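*Asks:* Those protein sequences? They're chains W and V, same order as listed. Here the first sequence is numbered in the working numbering, starting from 146 and rising by one per residue. Here the second sequence is numbered in the working numbering, starting from 105 and rising by one per residue.
Treat the hints loosely; a few may be bogus.
Stated by the list, open to error - Calculated cross-link-like contacts (lysine-lysine; reagent style PhoX-like; alpha-carbon spacing at most 20 Å):
| # | chain 1 | residue 1 | chain 2 | residue 2 |
| --- | --- | --- | --- | --- |
| 1 | W | 166 | W | 187 |
| 2 | V | 192 | W | 168 |
| 3 | V | 136 | W | 198 |
| 4 | V | 192 | V | 136 |
| 5 | V | 136 | V | 227 |
| 6 | W | 148 | W | 267 |
| 7 | V | 123 | W | 166 |
| 8 | V | 108 | V | 227 |
| 9 | W | 267 | W | 244 |
| 10 | W | 168 | V | 108 |
| 11 | W | 169 | W | 156 |
| 12 | W | 168 | V | 136 |
| 13 | W | 187 | V | 123 |
| 14 | W | 169 | V | 192 |
| 15 | V | 192 | V | 123 |
| 16 | V | 136 | W | 166 |
| 17 | V | 136 | W | 169 |
| 18 | W | 198 | W | 168 |
| 19 | W | 166 | W | 156 |
| 20 | V | 192 | V | 207 |
| 21 | W | 187 | W | 156 |
| 22 | W | 187 | W | 198 |
| 23 | V | 108 | W | 198 |
I should point out that these hints are in silico values taken from the structure, not numbers from a laboratory. Small disclaimer: the values here were computed from a predicted structure and weren't measured.
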Amino acid sequence: MIKSDVQLDAKGLACPMPIVKTKKAMNDVAEGQVLEIQATDKGSVADLAAWSKTVGHQYIGTNEDNGVFYHYIRKCNPETSDLTEKTFEQTISNEDAVKGDGIILDVREAAEYAFGHMPGAKSIPMGELTNRMNELDPAQNIYVICRTGTRSDLAAQQLSAAGFTNIYNVLPGMTEYTGELEKEV
Amino acid sequence: MSNKVAIIAANGGLFDAYKVFNIATAAAASEKEVAIFFTFEGLNLIHKQGMQALEMPAGKESFAEGFAAAQVPAIPQLVEMAQELGVKFIACQMTMDVMGLTKEDFVDDIEVGGAVTFLEFAKDAAPTLTF
Numbered sequence: 146m147i148k149s150d151v152q153l154d155a156k157g158l159a160c161p162m163p164i165v166k167t168k169k170a171m172n173d174v175a176e177g178q179v180l181e182i183q184a185t186d187k188g189s190v191a192d193l194a195a196w197s198k199t200v201g202h203q204y205i206g207t208n209e210d211n212g213v214f215y216h217y218i219r220k221c222n223p224e225t226s227d228l229t230e231k232t233f234e235q236t237i238s239n240e241d242a243v244k245g246d247g248i249i250l251d252v253r254e255a256a257e258y259a260f261g262h263m264p265g266a267k268s269i270p271m272g273e274l275t276n277r278m279n280e281l282d283p284a285q286n287i288y289v290i291c292r293t294g295t296r297s298d299l300a301a302q303q304l305s306a307a308g309f310t311n312i313y314n315v316l317p318g319m320t321e322y323t324g325e326l327e328k329e330v
Numbered sequence: 105m106s107n108k109v110a111i112i113a114a115n116g117g118l119f120d121a122y123k124v125f126n127i128a129t130a131a132a133a134s135e136k137e138v139a140i141f142f143t144f145e146g147l148n149l150i151h152k153q154g155m156q157a158l159e160m161p162a163g164k165e166s167f168a169e170g171f172a173a174a175q176v177p178a179i180p181q182l183v184e185m186a187q188e189l190g191v192k193f194i195a196c197q198m199t200m201d202v203m204g205l206t207k208e209d210f211v212d213d214i215e216v217g218g219a220v221t222f223l224e225f226a227k228d229a230a231p232t233l234t235f
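Could you put the whole structure together from the sequences, leaning on the hints where they help?
*Replies:* Pasting the structure below:
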């Protein structure tokens, strides 16, 4: 079971209904949140990936269980995402973070983490960070990573403001990562 | 990239209807601006009575079971869905005159226009599709 913010039951529906329902359901999803679409239409696998690309949302992945496809899409705003300026000064490359002696902190949503993360990375989604900082060791180097470096930049600033000093923002982030992936699906 | 999809519906069978409305609703759900120009037999697809009983091509009647098994939505449902998503329906005035039809014979909220009305919409659309 992968965590998502909003769930849509599109089981038993034929093309183009899963897409039409997804479009409508997306209206109730906040930017950055993850929508889970349950569908039995085999065409939905290719279609939802293509739809996400066309509309500008992030297609995270599909998991099949017992004839039902569970699709995960993260709502993006194509006009603002990836353009936000990153201001946290201490940064580290993907490669150096993997080789480094610290812990990799993945602040993407749980579903993004489940479909592939760096080996050994710890998952604390951005929205949960404030309440879960006590899980982190201030003495350890912490390499904060997300998809493109935007969320990890904010997370690094939050941690820094909370008194952590050994914080690095990992750039360019998972989007450019080609190394080994661990998956939970 | 063009944000418009223009469709010409010129045939009036059940299969034609699915091709037209599936592509139209999928495009509209992908945030495209969509217009369909209904001409000749294509007018059947938005005719209040006609759209309830669209015919399968001769010899293909066995597809009915497949449609039911795959839970494919009925055409009137797709028409409603398309309009809800903002797909614009343009009925061809000339064909309506030839067939003796008026705007009242069709589903609500359609436009009636001539070829130029459609061409004006389609001039910067990509793709333009004909069914």
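*Asks:* Against the 20 Å threshold, does the CA-CA distance of residue 187 of chain W and residue 156 of chain W hold or violate the hint?
*Replies:* 11 Å, holds
*Asks:* What's the verdict on residue 108 of chain V and residue 227 of chain V, does the C-alpha distance respect the 20 Å limit or exceed it?
*Replies:* Holds - the C-alpha atoms of residue 227 of chain V and residue 108 of chain V are around 10 Å apart, at most 20 Å.
*Asks:* Take the C-alpha atoms of residue 136 of chain V and residue 169 of chain W, compute the straight-line distance between them, and say whether it is at most 20 Å.
*Replies:* 14 Å, holds
*Asks:* Against the 20 Å threshold, does the CA-CA distance of residue 169 of chain W and residue 156 of chain W hold or violate the hint?
*Replies:* 16 Å, holds
*Asks:* Going straight from one Cα to the other, do residue 166 of chain W and residue 187 of chain W come out at no more than 20 Å?
*Replies:* 16 Å, holds
*Asks:* Can the restraint linking residue 187 of chain W and residue 198 of chain W be considered satisfied, given a maximum Cα separation of 20 Å?
*Replies:* OK: residue 187 of chain W and residue 198 of chain W at ~18 Å, within 20 Å.
*Asks:* With a cut-off of 20 Å on the C-alpha distance, tell me whether residue 168 of chain W and residue 108 of chain V pass.
*Replies:* 17 Å, holds
*Asks:* Given the hint that residue 192 of chain V pairs with residue 168 of chain W, test it: the Cα-Cα distance must not exceed 20 Å.
*Replies:* With Cα atoms ~18 Å apart, residue 192 of chain V and residue 168 of chain W stay inside 20 Å; holds.
*Asks:* CA of residue 169 of chain W to CA of residue 192 of chain V, is that 20 Å or under?
*Replies:* The given pair, whose Cα atoms are some 18 Å apart, holds under the 20 Å limit.
*Asks:* Regarding the pair residue 192 of chain V and residue 123 of chain V, is the alpha-carbon distance no greater than 20 Å?
*Replies:* With Cα atoms ~16 Å apart, residue 192 of chain V and residue 123 of chain V stay inside 20 Å; holds.
*Asks:* Are the Cα positions of residue 136 of chain V and residue 198 of chain W separated by 20 Å at most?
*Replies:* Answer holds: residue 136 of chain V to residue 198 of chain W is near 13 Å, not above 20 Å.
*Asks:* Between the alpha carbons of residue 198 of chain W and residue 168 of chain W, is the straight-line distance 20 Å or under?
*Replies:* Holds, because 13 Å separates the two Cα atoms, which is no more than 20 Å.
In this structure, none of the earlier numbered hints is contradicted; all agree with it.
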